[in-house]
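Asker: Here the protein sequences come in this chain order: A and B. My numbering puts the first sequence at residues 1125 to 1237. My numbering puts the second sequence at residues 3 to 223.
Source of the hints: derived by calculation from the structure; they are not laboratory data. Bear in mind that the values here come from a model prediction, so they are computed numbers and not experimental data. Any given hint might turn out to be false.
Chain B is nowhere near these chain A residues, computed Cβ spacing over 10 Å in every case [as the list claims (entries may be wrong)]:
id : residue
1  : HIS1126
2  : ASP1173
3  : ASP1178
4  : GLU1203
Label-pair ranges, simulated between beta-carbon atoms [claimed, not checked]:
id : chain 1 : residue 1 : chain 2 : residue 2 : range
5  : B       : LYS109    : A       : GLN1177   : 30 to 36 Å
6  : A       : ASN1183   : B       : THR221    : 36 to 42 Å
7  : B       : VAL76     : A       : ILE1224   : 26 to 32 Å
8  : B       : GLN106    : A       : ILE1224   : 49 to 55 Å
Where a beta carbon is used, it is the ideal one built from N, C-alpha and C, also for glycine.
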Amino acid sequence: MHELAVTQSILDIALSEAEKANAKQITSIHLVIGDFAGIVDDSVQFYFDFISQDTLAQNATLSFCRIAARFRCRVCGTEFAPQDQDWGCPSCGAAAGEVIAGREFYIESIEIE
Amino acid sequence: MTNNIAVIESIPILRANDQVAQDNRALLDSRDIFAVNIMASPGAGKTSLILRTIEALQGTPRVGVIEGDVASRVDAAKIAESGTPVVQINTQGGCHLEATMVSQALKKLPLNDIDLLFIENVGNLICPVEFRLGEHHNVMLISVPEGSDKPYKYPSIFTVVDAIVINKIDLLPYCDFDLPAFRELVLALNPQVQILPLSCQTEKGVSAWTRWLLETMHTSQ
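Please model the entire structure based on the sequences and the hints provided.
Answerer: Laid out in structure tokens, this is it:
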């Protein structure tokens, strides 16, 4: 439920950038969110529809680019996607590894008119 | 009308929070205060760990505490009984602490009388992870009855913390917490993490925790 705080930050950044660019309207906000980032898309959308009312971002489309989690095995270097509770390296069987994707949490771009 | 497409590269979503966290950190550094953000599930023993640590340190270094809870002053009252300066933050339903809350709390603490500041976050393994507060170190507390499969369910927190305290090890004979498997999995995710099993009830392992804490504190100053 930290999505409200996250959504408020997304809106604040979008409005601030739109103002700098003298935009009349924000049409889209593109977000990149890793599967390990703990963010529920629907929840962000729900809060956004509510808090963006009467701002330049009202009716803006939120797009979510989800990044699947990936590990790099610390023993043999194989890169792989964890499967449910099977986090073993498919090549050597070592446990999990360095998280090389899945923790992304940023605004990639904002479209304005 | 033609759409202007403004591409703004990779803005961290919590940029505003991060900036306040940096201000908090600068304030703490200017006062030589080492701050530790403690994150855990509700009931893992965050307040008990802080109380045991205060007892073990016996006033050197001098401890201060910021207590984060959704509601009530229950935890702050326990800390205050030990004579330790404490400020309670009630998040009014919020599931995590944010840097601005800590900034306000710091104004209410006697910073000249504190060397080591514990920030007890709201009991939650997801939401606090992304919100920096100005802390120097992040410590996760997990308790034996919660089970050793937590990394599968809440992977993110295990990748960002500097230490994991495993509390309630006196209950190991009664629970199926697989300590070796937990250790192997966590170290694969985060090889630098310090794993410190202890029991706030029996005090076993508490001295290893305080030793690590003091060493870390001295190394960073």
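Asker: Each hint: holds or not?
Answerer: Do the hints match the structure? See the list:
no.	hint	verdict
1	HIS1126	violated (4 Å)
2	ASP1173	holds (18 Å)
3	ASP1178	holds (21 Å)
4	GLU1203	holds (14 Å)
5	B:LYS109 to A:GLN1177: 30 to 36 Å	holds (34 Å)
6	A:ASN1183 to B:THR221: 36 to 42 Å	violated (52 Å)
7	B:VAL76 to A:ILE1224: 26 to 32 Å	violated (42 Å)
8	B:GLN106 to A:ILE1224: 49 to 55 Å	violated (37 Å)
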